[in-house]
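Asks: Sequence:
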Amino acid sequence: MTVHDSGCPVGTAWAAPLEDKDAFQVIYSDYLAQAGGESRPTDFRKRCQIIAQVSGPPGVTYAVSSSEHRGFAHLESGANATLKVGSHFQGQPPAEMVPYNMNGYYDDIWYHAYRPPVDRLVFKPCGEEPNIILRTELRVDKGTSDPSQVSFIAMDYTGEGPRTTYNLAWKSCP
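For reference, each letter of the sequence shown is one residue, going 1423 to 1596 in our numbering.
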């Protein structure tokens, strides 16, 4: 697994398969975007790209059938935040990232599940072993909030654990 980008510097994200092998989790330790207060201009948006190899039995392919994202946000009144998610296989064009928006005032754990329509699932090409690229982006806009107050969105701690779960759909190759 390779991890990189502004939201997940080396050593701050890990991936592990779940017991049933139909899903895996990505765990983040320092993935946060913020605006307002003494935030730097580049803090408003953080991205994370994870490149992973998923192996299955011969003659079988897979697609990401859904993803579940958890985190915490503190948004002042007038501020808003966006989580964007997307995935594709190496060598294929990136799919459009899907947004999830939150508006202030908000100060709580958040949860977002994304399940694309079955006819839009993109399966790994049979007979090939490309890596899967998992992309996320966190963004905060201070909007009309008090500029001296910090608003943030994070994917690095919740009571259920700091994680994103990617569920897989499997099918036989023709």
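Hints are supplied without guarantee of correctness; some may be wrong.
To be verified - Label-pair ranges, simulated between beta-carbon atoms:
hint, residue 1, residue 2, range
1, Thr1566, Glu1441, 44 to 50 Å
2, Asp1529, Asn1553, 24 to 30 Å
3, Asn1553, Ser1488, 39 to 45 Å
4, Ser1499, Gly1478, 18 to 24 Å
5, Ile1473, Pro1596, 22 to 28 Å
6, Asn1553, Pro1463, 30 to 36 Å
7, Pro1538, Ser1428, 23 to 29 Å
8, Gly1459, Pro1515, 26 to 32 Å
9, Ser1477, Pro1596, 28 to 34 Å
10, Leu1543, Gly1459, 38 to 44 Å
Claimed, not checked - Derived pair list, reagent style DSS-like, types lysine-lysine, alpha-carbon separation capped at 30 Å:
hint, residue 1, residue 2
11, Lys1506, Lys1593
12, Lys1443, Lys1506
13, Lys1593, Lys1443
Hints are computed from structural coordinates only; laboratory data are not their basis.
We put the CB at the ideal spot given by N, CA and C, even for glycine.
Asks: Tell me if the beta carbons of Asn1553 and Ser1488 are separated by a distance inside 39 to 45 Å.
Replies: violated, 20 Å
Asks: Does Lys1593 pair with Lys1443 here, judged by a C-alpha cut-off of 30 Å?
Replies: Holds, at about 14 Å.
Asks: Please test the hint of 23 to 29 Å on the beta carbon pair from Pro1538 and Ser1428.
Replies: holds, 26 Å
Asks: A range of 22 to 28 Å was offered for this pair. Does it hold for the Cβ distance of Ile1473 and Pro1596?
Replies: holds, 27 Å
Asks: Look at the Cβ atoms of Asp1529 and Asn1553 and judge whether their distance stays inside 24 to 30 Å.
Replies: violated, 37 Å
Asks: Ser1477 and Pro1596, beta-carbon distance inside 28 to 34 Å?
Replies: violated, 20 Å
Asks: State, for the Cβ atoms of Ser1499 and Gly1478, whether the hinted interval 18 to 24 Å holds or is violated.
Replies: violated, 48 Å
Asks: Holds or violated: 26 to 32 Å for the Cβ distance of Gly1459 and Pro1515?
Replies: violated, 38 Å
Asks: Quick one, are Lys1443 and Lys1506 close enough, alpha carbons at most 30 Å?
Replies: holds, 25 Å
Asks: Does 44 to 50 Å hold as the CB distance between Thr1566 and Glu1441, or does it fail?
Replies: holds, 47 Å
Asks: With respect to the beta-carbon atoms only, verify the hint that Leu1543 and Gly1459 lie 38 to 44 Å apart.
Replies: Since the Cβ atoms of Leu1543 and Gly1459 sit about 42 Å apart, the hinted range of 38 to 44 Å holds.
Asks: Taking the CB of Asn1553 and the CB of Pro1463, does the distance hold inside 30 to 36 Å?
Replies: At roughly 32 Å between Cβ atoms, Pro1463 and Asn1553 fall inside 30 to 36 Å, so the hint holds.
Hint check: violations occur at hints 2, 3, 4, 8, 9; the rest are consistent with the structure.
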